[in-house]
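Q: With the hints as your guide, set chain B onto chain A.
Protein chains: 2
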Amino acid sequence: MQNLLQGLRIVEGSAFIAAPSGGMTLAQLGADVIRFDQIGGGIDYRRWPVTEDGKSLYWHSLNKGKRSIAVDFRQDAGRELLRDLITAPGENSGLFVTNFPAKGWLADAELRNKREDLIYLNLVGDRHGGTALDYTVNSRVGLPFLTGDGVEPVNNPFPAWDVIAGQQIALGVLAAERHRRLSGEGQFIRLALADVALATMGHLGYLAEAEINKQSRPPMGNHVFGTFGHDFACRDGRRVMIVGVSPNQWRAIVSVTATQQAIEQLEKEKGLDFRKEGDRFAARESIKKLFETWFKEKDYTEVSSQLDTAGVCWGPYQTIEELVENDPDCSDDNPMFQRVQQPGIGEYLMPGQPLDFSAFAREDVRPAPLLGEHTDEVLNEILGLDSSAIGKLHDQGIVAGAS
Amino acid sequence: MQNLLQGLRIVEGSAFIAAPSGGMTLAQLGADVIRFDQIGGGIDYRRWPVTEDGKSLYWHSLNKGKRSIAVDFRQDAGRELLRDLITAPGENSGLFVTNFPAKGWLADAELRNKREDLIYLNLVGDRHGGTALDYTVNSRVGLPFLTGDGVEPVNNPFPAWDVIAGQQIALGVLAAERHRRLSGEGQFIRLALADVALATMGHLGYLAEAEINKQSRPPMGNHVFGTFGHDFACRDGRRVMIVGVSPNQWRAIVSVTATQQAIEQLEKEKGLDFRKEGDRFAARESIKKLFETWFKEKDYTEVSSQLDTAGVCWGPYQTIEELVENDPDCSDDNPMFQRVQQPGIGEYLMPGQPLDFSAFAREDVRPAPLLGEHTDEVLNEILGLDSSAIGKLHDQGIVAGAS
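Keeping their order, the protein sequence lines are chains A and B.
In this text, residue positions in the first sequence follow this note's numbering: the first is 848, and each later residue adds one.
In this text, residue positions in the second sequence follow this note's numbering: the first is 848, and each later residue adds one.
Honestly, the hints are just simulated from the structure, not real lab data.
Heads up, some of the hints might be wrong.
Identical copies look the same in the list; a pair holds intra-copy or inter-copy alike.
To be verified - Below are the DSSO-like pairs computed for lysine-lysine, each with C-alpha atoms no more than 27 Å apart in a straight line:
#1 1117 - 1145
#2 1061 - 902
#3 950 - 961
#4 1239 - 961
#5 902 - 1115
#6 1143 - 1117
This is chain A alone, in the form it adopts within the complex (with noise of 0.2 Å):
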């Protein structure tokens, strides 16, 4: 079946999280995207996690469902044949997603040349064009000192700077390619990662509550800031999150834990109005105290039975391993994941995007390619080179397939 954006065609250089994972988010939304890579892999070919014999599971998560074309780019011939590749003609190509410097052959100047329509997605560090990784700009943003119990600043683990700005990139490149489709015009689109963090930390408040208020949010530990909501542990050990943000999730956590008339004593005592969030989160503490024995004496199954039943707004923690052990969510009975063999490491669980379209049927998850796996056939289909010239460019160290 015809999937969503298909025909359109993306060539990416990239490496990293943020750019790959844009250039993922649109090859799983149907887009042909042509990954080019550095012959024997470029710099994140062999992150970490790896597998026992060295295969990276994190380039060939971030690299589904896209081709490749492994090429010398140290050499001229060598980015010339890219250079050809990025501005080949179509008005469903010309379409450029990197974050390598957009200078000397990858500049925009150098390609709009060769393709005027051209749409060039330049990931930077910083809007300055220095460096800077996920954990350079969340470090600068201020997070730490929200996180845990704030004595020392703790880092977010989990990059999540780098996948909004992969989101972002997939949304500029197809904001850019409606309006060229609408006015031909193409156009070069910088993002800088320490924007994406800058501006998140003002759409959600944050700056205009330091400027304003003039106050320091305190560290949150597990709470969530402005409401109710903590983590439980249960008799079992096993913990629980739980969030009472709407005022029926906030009755239903009061009614499960039969704590209406503490609850009630409690707002007395503080002359507060619990049926508001602030006020909820004014009193947090005690609020935990007074929830936390209904959690203790009960194992988790109860609880979640319970919880459930009551209609709580609730999630369990749960360890990565026990989320694909257990989690059906996390498993193919889930629509979004498929059992997916990638080759060169095995079969194994494969996520495609969360976004389900209704036109559409679900699209096949496919693995990561193999380096130069589509080497020749980019190279014949798309720059119409015959066999033997490919085998030139093979002899030549310029191109290579996948061995």
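A: What follows is chain B alone, placed relative to chain A:
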């Protein structure tokens, strides 16, 4: 100047973070995003952080650049008005984003009866239709066990899944709009917040690691998994985050800290090769100790200047207050930011969106609307109601303007 998505019209009925941020992203790309709210404001209209007089910096930050219509949609007449608005004709309209339940008066079939090619994106909690919030999803996917030192799970105070889902919403709308433009076909799109988190955990290799290696990833503290990265305290107590991912970044750290000999010695002792990222990760604690002294002996100003000169990839730790007060990238020195007058609150720094498109000057950052600010304008312009009909709706309490 005409902006990227100018002319595209999206109707939004939303609360909390994900759906409003999706609409705001489209608004900041130039689309006309019309947000409807219950008269007096919905469930998140007063969410924290708030100003001294109770105005929500959260709500206003997440609804910048939209138009607002205030309608009593507990009344049938209000529902009918909104259904007309959502399904109003025009090739650039008929796009609807909501995290309200897609049932009853907002059922897809109800709306599609009025406009067959409607694009309707519905954000839900999980794929079964259950409620889920960022915090209950995050506990479920295992990251709190990787955060901090691992004695107890540590939550992420920043709702990353909501923000990622918001970007996916904007992306899904544009992808579906492209398809409709090419084929005439509209569709219903469902996005589950839990699926956003589960897919991302797969795309970054966490799931494959757990399934294939059957090995728990240890809690990360402030280390970066699979490479070298950690925070260091300077003599004056200020901290910096240092990352050595690329060979150049790694060499720069070793060089600036003058630890070449000690590093080589450590490699020999441990039988590791620190040119490999994985080997750097394996020896992370020992490496950290070798670097520590250099930072401890210098104040932040000297550290930062020497790190810059050496080309180290690093970032300062700053509180949000410090970020707002001192960082030039978080000020209107950065063209992404402007100081904007927010009616009802005052002037403060607001971000636009981070994508910088060469074909357009950055659009001015627009504040959030007053609740109902555009009620009459929208009723007249889009639904063609005259002032007497609009007056009647006001009199009947079906709509309201800004007060």
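Q: Under a CA distance limit of 27 Å, which applies to residue 1239 and residue 961: within one copy, between copies, both, or neither?
A: within (24 Å within a copy, 60 Å between copies)
Q: 27 Å Cα cut-off: does residue 1117 pair with residue 1145 within a copy, between copies, both or neither?
A: neither (29 Å within a copy, 47 Å between copies)
Q: Quick one: residue 1143 to residue 1117, C-alpha cut-off 27 Å, is that within a copy, between copies, both, or neither?
A: For residue 1143 and residue 1117, the Cα distance is within 27 Å only inside one copy (26 Å; across copies 45 Å).
Q: As a check of your reading, is residue 1061 near residue 902 (CA-CA no more than 27 Å) within one copy, between copies, both or neither?
A: between (49 Å within a copy, 15 Å between copies)
Q: Between residue 902 and residue 1115, at a C-alpha cutoff of 27 Å, which is it: within one copy, between copies, both, or neither?
A: This pair counts as between: shortest inter-copy Cα distance 25 Å, intra-copy 61 Å.
Q: 27 Å Cα cut-off: does residue 950 pair with residue 961 within a copy, between copies, both or neither?
A: within (15 Å within a copy, 51 Å between copies)
Comparing the model with each numbered hint stated earlier shows that hint 1 is the single one that does not hold.
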